[in-house]
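This is what each chain is made of:
There are 2 protein chains.
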Amino acid sequence: MKAVGVVVEYNPFHNGHLYHIQKAKELTQAEIVIAVMSGPFLQRGEPALISKWSRAEMALENGIDLIVELPYPFATQHAAVFASGAVEILHSLGCDYLCFGSESGNINEFDSIFNLLAEKKDEEDRLVKEYMKQGMSYPKAKSCAIQELTSVNKTQGLNLHMPNNILGYEYYKSVRSNAYPMQVCTVARIKADYHDKKFTSDTIASATSIREELLQTAGSLTTIEPFLPSSSYQALQQYKETYLTYHTWENYWSYLKFRLLQTTAEELSTIYEIEEGIEYRFLKYVKEASSFQDFIRLLKTKRYTWTRLQRICVHILTNTKKEEMQTYSKPAYIRLLGTTANGRLYLKEKKKQFLLPIISKLSSFEKEKIVLDVRASQIYALGVPVAAQQKLLEMDYSKPPIMK
Amino acid sequence: MKAVGVVVEYNPFHNGHLYHIQKAKELTQAEIVIAVMSGPFLQRGEPALISKWSRAEMALENGIDLIVELPYPFATQHAAVFASGAVEILHSLGCDYLCFGSESGNINEFDSIFNLLAEKKDEEDRLVKEYMKQGMSYPKAKSCAIQELTSVNKTQGLNLHMPNNILGYEYYKSVRSNAYPMQVCTVARIKADYHDKKFTSDTIASATSIREELLQTAGSLTTIEPFLPSSSYQALQQYKETYLTYHTWENYWSYLKFRLLQTTAEELSTIYEIEEGIEYRFLKYVKEASSFQDFIRLLKTKRYTWTRLQRICVHILTNTKKEEMQTYSKPAYIRLLGTTANGRLYLKEKKKQFLLPIISKLSSFEKEKIVLDVRASQIYALGVPVAAQQKLLEMDYSKPPIMK
Chain Y
1 MKAVGVVVEY
11 NPFHNGHLYH
21 IQKAKELTQA
31 EIVIAVMSGP
41 FLQRGEPALI
51 SKWSRAEMAL
61 ENGIDLIVEL
71 PYPFATQHAA
81 VFASGAVEIL
91 HSLGCDYLCF
101 GSESGNINEF
111 DSIFNLLAEK
121 KDEEDRLVKE
131 YMKQGMSYPK
141 AKSCAIQELT
151 SVNKTQGLNL
161 HMPNNILGYE
171 YYKSVRSNAY
181 PMQVCTVARI
191 KADYHDKKFT
201 SDTIASATSI
211 REELLQTAGS
221 LTTIEPFLPS
231 SSYQALQQYK
241 ETYLTYHTWE
251 NYWSYLKFRL
261 LQTTAEELST
271 IYEIEEGIEY
281 RFLKYVKEAS
291 SFQDFIRLLK
301 TKRYTWTRLQ
311 RICVHILTNT
321 KKEEMQTYSK
331 PAYIRLLGTT
341 ANGRLYLKEK
351 KKQFLLPIIS
361 KLSSFEKEKI
371 VLDVRASQIY
381 ALGVPVAAQQ
391 KLLEMDYSKP
401 PIMK
Chain X
1 MKAVGVVVEY
11 NPFHNGHLYH
21 IQKAKELTQA
31 EIVIAVMSGP
41 FLQRGEPALI
51 SKWSRAEMAL
61 ENGIDLIVEL
71 PYPFATQHAA
81 VFASGAVEIL
91 HSLGCDYLCF
101 GSESGNINEF
111 DSIFNLLAEK
121 KDEEDRLVKE
131 YMKQGMSYPK
141 AKSCAIQELT
151 SVNKTQGLNL
161 HMPNNILGYE
171 YYKSVRSNAY
181 PMQVCTVARI
191 KADYHDKKFT
201 SDTIASATSI
211 REELLQTAGS
221 LTTIEPFLPS
231 SSYQALQQYK
241 ETYLTYHTWE
251 NYWSYLKFRL
261 LQTTAEELST
271 IYEIEEGIEY
281 RFLKYVKEAS
291 SFQDFIRLLK
301 TKRYTWTRLQ
311 RICVHILTNT
321 KKEEMQTYSK
331 PAYIRLLGTT
341 ANGRLYLKEK
351 KKQFLLPIIS
361 KLSSFEKEKI
371 VLDVRASQIY
381 ALGVPVAAQQ
391 KLLEMDYSKP
401 PIMK
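Top line first, the protein sequences correspond to chains Y and X. Position 285 of the first sequence, counted from 1, bears residue number 285 in UniProt numbering, the numbering being contiguous throughout. Position 263 of the second sequence, counted from 1, bears residue number 263 in UniProt numbering, the numbering being contiguous throughout.
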């Protein structure tokens, strides 16, 4: 059985994701689709709207055959680390293809840039440092450096200021630089930009615009219905009924505030990604901020992007230390979230060739290896009202993989 | 001007406290009464129902002339440390007398036991250790040891199983063993026992029974009105109107739970009073407990008293480390909460003789010395609904001492 892998967040699963899965199958003629998905906290440093289990359900209803969790130490990172963790897992699961969505839609453009930059690594590093000295953030400096190097050599074409092109390039680079035997292809995003906050088509909308709408309509989902498969729509409705809320940063603001008010600069500086004295800004502005949004607005500088600050807040919330993260240079396990019958066939056929152990139940695995994922799930559960917390809190210990 | 000192919590201030102040004046003929009062967290390991500022107002309206805060490292401790901090402060403020309430009401009984135990220190220590080996808690072992030593020598009389006798004995011991030039006297508690949960008189009730009633009547204070001076009654009403709630442990339960869920046993073991592997019980039961009461009930053992467990929870909430507490063997400052005109006269007359610096405004004092008190106030402020938090949060930075 040939498998194509995709890297996803499904926050929430919408028609654009469905299109991506269909195209991935069409392009590769693969028989099964494997997704590696972020858990409770996402690459943008935000809690997922609904739990990983509900998002996995959505995926399995709509064309994904096997879905696993991207561990916390990779899911909550900038593009390069996020991509390397995801690619490693897809490779370990024996994927023959990797297919990602991009603004470009042309894999040759990724190939050209990769070949060019492979020769110019030192120059790239030098330019990144130079731009950062001028006060740019790392992602901004990186895309400017690449843009400068490539435009000089007339291989324009791939716009590396576009968010999905950036991530896509990192996937491509991970596969190629590790020389993994995986073919990489890309599907052009259609009808919606990543950053769109308003709807621009009748059936396809960005996850960003769907979230905006969802959080504003206080319970009524009718305006987002056209953009989601019906099973996704129902899962969203059901989640709200069961847990009384979607998860947004504001649900965690009082916890973050509490943690910052009870701690010292010295203690805070042990948290992952707290660097360069930024801890003092955190301790100063927490006393003034009236909400999470307000807090990030106060913290924001030219050098620290909104998403980087949000990711730091996630690490404070989950109490993730620098020394803990050091031990996770590569994924050490694969947490299985769910399978279809087709996915189970694949598992049966390929399991022995997998390069990492598969965790189906927490009890069957050394817990210290998965401690960061478990902690993130526990903290995530506190984002719903007390009455609904226990159910969510226990899920990570008792829930077996979903079988469709 | 002669001054009598009292050690108080006023949670809340009631007619029994008024009686104590009047008797203290009568017995000593002192011209002013000085109170040293716990701040946001109390000796029993509970948040105070209302803020220290509102409790200081109550005190100044009802006979106290000068009120200062017992710093956190003494206020949240077992009887001996609580008493030694409070006595030290009253001595530093030049009090000529110390007057405490007790079940006994006879200072000679305290004197006899002190003299007897001074000779039998080693035997007392040995007995305490022995009883603890049998599984008793420290306070229980201590009162049993003393009871055994004193009954053998026919100086019964002082029942050291009674909570106010225990505290009183510690005050008495602090004054005598430091040879402070302070006369000590005691007033018998009337008409209500410390542990009473029901009302047993028409005008005097224990703070415990008043709190029980207050928290059950959801807003209506009429049933407790007979037991409070009218100014106290009004202050309680006003507090609820301004901050929407009284402070109870349940208001902090979600923060405590969050902190425990995000931490490791190793990190938890750095918290003050976490000893003997009790951290593992905390981490285990937090996942099962449905409320703070339920949590303590699950944690409870023969050796760990309810109040000791609550005090540990306070230290977790305020993130107070063992190494921080080590630096506070004696009070280093006196935080002034309020004065009457009479109190200000006393300050003017005696200020130069005080043995510790007086802090009237936070900005005028080295902040690192008062960091634990400030942190405790900040965390305490999170116990009210978000809408009312900011006002309470800023109070510790901006509020000057109360002038009556």
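Worth double-checking, as some hints may not be accurate.
When chains are identical, the list treats them as one kind, so a pair holds in a single copy or across two.
With a straight-line cut-off of 25 Å between C-alpha atoms, the simulated DMTMM-like cross-links for lysine to aspartate or glutamate are [said to hold, decoys possible]:
{"#": "1", "residue 1": "K348", "residue 2": "D294"}
{"#": "2", "residue 1": "K284", "residue 2": "E130"}
{"#": "3", "residue 1": "K367", "residue 2": "E288"}
{"#": "4", "residue 1": "K369", "residue 2": "E130"}
{"#": "5", "residue 1": "K287", "residue 2": "E250"}
{"#": "6", "residue 1": "K391", "residue 2": "E250"}
{"#": "7", "residue 1": "K351", "residue 2": "E275"}
{"#": "8", "residue 1": "K140", "residue 2": "E130"}
{"#": "9", "residue 1": "K25", "residue 2": "E123"}
{"#": "10", "residue 1": "K300", "residue 2": "E368"}
{"#": "11", "residue 1": "K287", "residue 2": "E324"}
{"#": "12", "residue 1": "K287", "residue 2": "E394"}
{"#": "13", "residue 1": "K391", "residue 2": "E288"}
{"#": "14", "residue 1": "K321", "residue 2": "E267"}
{"#": "15", "residue 1": "K191", "residue 2": "E130"}
{"#": "16", "residue 1": "K129", "residue 2": "E241"}
{"#": "17", "residue 1": "K322", "residue 2": "E267"}
{"#": "18", "residue 1": "K133", "residue 2": "E119"}
{"#": "19", "residue 1": "K348", "residue 2": "E368"}
{"#": "20", "residue 1": "K240", "residue 2": "E288"}
{"#": "21", "residue 1": "K351", "residue 2": "E241"}
{"#": "22", "residue 1": "K352", "residue 2": "E267"}
{"#": "23", "residue 1": "K367", "residue 2": "E276"}
{"#": "24", "residue 1": "K120", "residue 2": "E349"}
Treat the hints as calculated values from the structure; they're not laboratory data.
Could you check the structure against the hints above and give me the numbers of any it violates, in ascending order? The structure breaks hints 1, 2, 4, 7, 9, 10, 15, 16, 19, 21, 22, 24; every other hint is satisfied.
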